[in-house]
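Enquirer: Protein chains in written order, with this note's numbering: chain A, 1052 to 1595; chain B, 1052 to 1595.
Hints were generated in silico from the structure; no laboratory data involved. Quick caveat, the model's predicted, so the values are computed rather than measured. There could be a bad hint or two in this list.
You can't tell identical chains apart in this list, so a pair holds if it fits in one copy or across any two.
Claimed, not checked - Here are the simulated lysine to aspartate or glutamate pairs, EDC-like style, with alpha carbons at most 20 angstroms apart:
#, residue 1, residue 2
1, Lys1539, Asp1058
2, Lys1332, Glu1538
3, Lys1332, Glu1484
4, Lys1550, Asp1076
Spelled out, the chains give:
2 protein chains.
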Amino acid sequence: MQQNNKDFPLVTSVGVVAEPPSLQDNTADLDRLHAAVSRSLPEKLATRPLTIPFQVMAGLGRRFRRAGFSGHALINVAPHQLTIVDFLKTNPKKIPAMALDLGTTHLEATLIDLVSGNNLAHTHGPNAQMQYGADILSRIHYAAGKASGQNGLLKLQHAAVDSINLLIEALGEEAGIEPEYIRAISVSGNTTMVHLLLGLSPYHICREPYTPMTGAPDPFFAAEIGLRINKQALVWVLPNIGSYFGGDLISGILASGLDEMEKTSMLIDVGTNAEVVLGNKDWLIACAGAAGPALEGGVARMGMRAGPGAIEHVRLDRENWQLTVSTIDDQPAVGICGSGLIELVAELYLARVVDLRGKLCRDTVSGTKKRRDFICKHLLETEEGLVFVVTSAETSGHGRPVVLAQVDLDAMMRSKAAMYAILATLVSQVGVEFSDLDRIYVAGAFGKHIDPGSAITLGMLPDLPIATYVSVGNSSLHGAELVLLSEKARIRSREIRRKITYIELNVNQEFMLRFSGSRFIPHTDPHLFPSVPIFSREDPGRNG
Amino acid sequence: MQQNNKDFPLVTSVGVVAEPPSLQDNTADLDRLHAAVSRSLPEKLATRPLTIPFQVMAGLGRRFRRAGFSGHALINVAPHQLTIVDFLKTNPKKIPAMALDLGTTHLEATLIDLVSGNNLAHTHGPNAQMQYGADILSRIHYAAGKASGQNGLLKLQHAAVDSINLLIEALGEEAGIEPEYIRAISVSGNTTMVHLLLGLSPYHICREPYTPMTGAPDPFFAAEIGLRINKQALVWVLPNIGSYFGGDLISGILASGLDEMEKTSMLIDVGTNAEVVLGNKDWLIACAGAAGPALEGGVARMGMRAGPGAIEHVRLDRENWQLTVSTIDDQPAVGICGSGLIELVAELYLARVVDLRGKLCRDTVSGTKKRRDFICKHLLETEEGLVFVVTSAETSGHGRPVVLAQVDLDAMMRSKAAMYAILATLVSQVGVEFSDLDRIYVAGAFGKHIDPGSAITLGMLPDLPIATYVSVGNSSLHGAELVLLSEKARIRSREIRRKITYIELNVNQEFMLRFSGSRFIPHTDPHLFPSVPIFSREDPGRNG
Chain A
1052 MQQNNKDFPL VTSVGVVAEP PSLQDNTADL DRLHAAVSRS LPEKLATRPL TIPFQVMAGL
1112 GRRFRRAGFS GHALINVAPH QLTIVDFLKT NPKKIPAMAL DLGTTHLEAT LIDLVSGNNL
1172 AHTHGPNAQM QYGADILSRI HYAAGKASGQ NGLLKLQHAA VDSINLLIEA LGEEAGIEPE
1232 YIRAISVSGN TTMVHLLLGL SPYHICREPY TPMTGAPDPF FAAEIGLRIN KQALVWVLPN
1292 IGSYFGGDLI SGILASGLDE MEKTSMLIDV GTNAEVVLGN KDWLIACAGA AGPALEGGVA
1352 RMGMRAGPGA IEHVRLDREN WQLTVSTIDD QPAVGICGSG LIELVAELYL ARVVDLRGKL
1412 CRDTVSGTKK RRDFICKHLL ETEEGLVFVV TSAETSGHGR PVVLAQVDLD AMMRSKAAMY
1472 AILATLVSQV GVEFSDLDRI YVAGAFGKHI DPGSAITLGM LPDLPIATYV SVGNSSLHGA
1532 ELVLLSEKAR IRSREIRRKI TYIELNVNQE FMLRFSGSRF IPHTDPHLFP SVPIFSREDP
1592 GRNG
Chain B
1052 MQQNNKDFPL VTSVGVVAEP PSLQDNTADL DRLHAAVSRS LPEKLATRPL TIPFQVMAGL
1112 GRRFRRAGFS GHALINVAPH QLTIVDFLKT NPKKIPAMAL DLGTTHLEAT LIDLVSGNNL
1172 AHTHGPNAQM QYGADILSRI HYAAGKASGQ NGLLKLQHAA VDSINLLIEA LGEEAGIEPE
1232 YIRAISVSGN TTMVHLLLGL SPYHICREPY TPMTGAPDPF FAAEIGLRIN KQALVWVLPN
1292 IGSYFGGDLI SGILASGLDE MEKTSMLIDV GTNAEVVLGN KDWLIACAGA AGPALEGGVA
1352 RMGMRAGPGA IEHVRLDREN WQLTVSTIDD QPAVGICGSG LIELVAELYL ARVVDLRGKL
1412 CRDTVSGTKK RRDFICKHLL ETEEGLVFVV TSAETSGHGR PVVLAQVDLD AMMRSKAAMY
1472 AILATLVSQV GVEFSDLDRI YVAGAFGKHI DPGSAITLGM LPDLPIATYV SVGNSSLHGA
1532 ELVLLSEKAR IRSREIRRKI TYIELNVNQE FMLRFSGSRF IPHTDPHLFP SVPIFSREDP
1592 GRNG
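Model the full structure from these sequences, guided by the hints.
Expert: Shown next, in the form of structure tokens:
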């Protein structure tokens, strides 16, 4: 791969042949190595300064000599500098490196072979920082030391490192590789998670004017933060664009290829925030907003992350008034994840059980008997108002009914309104129409599970042909994999930073206006959603 | 100094003015700092990559913010990279840095202000490695672990670091500066001493083909080897040219300016070895040989390093046959240092008490009565043969006579023969004559104390006008000071390595021939020393 398209992984091996020392040439061992590596470097790398870091000198010299002065040097490929970090007698068949999506609640990682590009192992696990605060804001406060006794930042850093070290063990075990042979790690995470991992104060991230401490940290060695892989493994952190626009989204842009496209497309990543990028090879514009929690399952009382027993799909047969739900791993239902919530509310809207204001309405007189029976069975008046029972206590996984309460619906309505307002504001800023978009890439679990049709019905996503929507999976992780394998991707990640315009929605008037208009299903302006049926408030249930 | 001749010390401060973060520009703090420093760099440095090392990120960001985003960045100036290591609110009046001559037995150091170039403090002390071996060879063996229980190298490294840390304390105290404000250290030492300080195995240095592990180590941070100055102080190690040609001699070339001269000159540095460089701005040739010990006071039983009570000057009034000695610090004599030994033997040769073979001869019948009395008083027959009493037990500092025995004289004769053979071989290699030399720089204590006239009398130094000889003091230390202050000197130090031709005398036939011819006073070929009187063996003492 290196030779053909002249691209380079973060660590590369260079075949080295040197004459053994003699009285005619008794050049120092490491100078001999340096010269031999310099001679053997691919042309594209040959102009870069080549250094030998202090920590490796003794071991490197020893191994070079033991190998008989010929073998393979391992080189860390940084933007302005090459570093010789190890010497092997034989050409390494694999150079394992770790790609990490460092999420606020959840970590996901792959082990990638930098020689073949193959995926060697995959794992995931919780972020142990959860014990110190469930969300970004509480962690920033914890880091500042009010609850933590002044060393909160250190505790959070250690929790992140410990969590990653657990993943390292799991990856090593799955791939049958000792962690010390893992030669690099790329980290893709939101700006706060990256700060906490690096032991940098996130204090100003959440305070006006929302300034991170670092945007694009220089690569450093894994041992410097206690990661238990090879000590000189390079840590390559995806750069951020600001407090609310992290390396995880830069990864998403890399993975979707938005920054290289002729036609204008859009990338939507719904995590703790909804982060959206619009653009093509010439320009990129981005914004982020608090649209996420309800959609990720964080707000609804029955909400949960996409996991076993989470209701992810909901269908309502409006002929026979049969509700069909499917859960992840086909486990008995224990909650509703974001995609399930969206489908449920869309189906209930089409069934006119939820009205255009997003309110449950217990109309037990209209429509067919089947419809009336359905409503009597599922829509119950409780102490806290109307709730819609999705799964009864008898069939659920925890002996309690799985329900949708009005309060959950309200939260979802705010989220969906925010999402549409974000997208519409962004598009309007650059004077394009939704219909101009070639593709809309939807990242993450949200993108993987969501039914775009249901989201369109709710007025959450623009009313475009379903084929416009493309799920790109965990694009944060995919981007991290790309930067491990490709210097072009690493350069792109820095160019994206320079190229992108970031709109702060917190201070954007247009966003607030659009948000208000989006708090109806599908929208106050039905012309925006021609494919969605509109029901007047005075005509409930007539179609059922 | 920086602005005028566009030269740069190893650490420089750059005035930085940045706007505080705002909603219009909430660039990350360290990105803001990076951009502001980039804008403010002197033109000559502006093309170099500018990095922020991981270890300083948190502190640097904090200090930049505390200073209100304006102040002075401290920059480590490495050949291919600039590193921001600290941020100060006000322009530092001084940037203290340490220059170190890391000798086998003795360390000497100065504290230099990189802003003014002023010398702030000066100190010296023993090399604590002495406890593990008096000379280079015994340390190399100790490092290999036979006597040391396998961690000999580590013990030697710690001993060197401890010795340096003592000097650091002394320098700090003298200058009234906390060691953490010492921002750089340059190290000039022989190849073995540098290897031991860096924790690199010196095993192959003394084994054919005499290969060091490193020639020109990349700069690293002081904390990496436990030096108790600023953690990010750059350690700049003078490069070596081979096992027997260390950074101390590169320093000597820098300090003498040999590599920049129009006319051909020579540099002689007598330490544990005699190291000699010949050349000018176009070429340099060098060699080293074991001529040193006797001349440094290491072989003669009464020999000692130049220190209090060491006899450094000897004059013999051949009219009145009065011997006058002077000692360092005017203390009662306790031994003879190298320069004293040379003067003594030269005077004894001129007095025909030492013959042209370098043998003491007790001729008690020739010359005046004063001469005969002198010989009876000073030249005694003992169990171990003839000894010359320089200072009697009554007037010495330790109650024993200070004597010159034949065995000491023999050692000195070998040394002086080796020295002349080295010089003559080197000169002959490039086809110049001694008389072509513009200057002969003599470094070290040897150069400071030696009387060139006496050395010429013995046939140790070529018979040139006395004004040809210039003492350059501790040029190892001076070179270390230069590289702290000047990037040009640092570049020169690396260019010297490339430019120099090194002759291995151990395998040189010509050297062996010349050595034999030099084992007489002044030489088997008296035409080489027209200024020195020659006495035939059959005509002893007639001039006295």
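Enquirer: Looking back at the hints listed earlier, which ones does the structure fail to meet?
Expert: none
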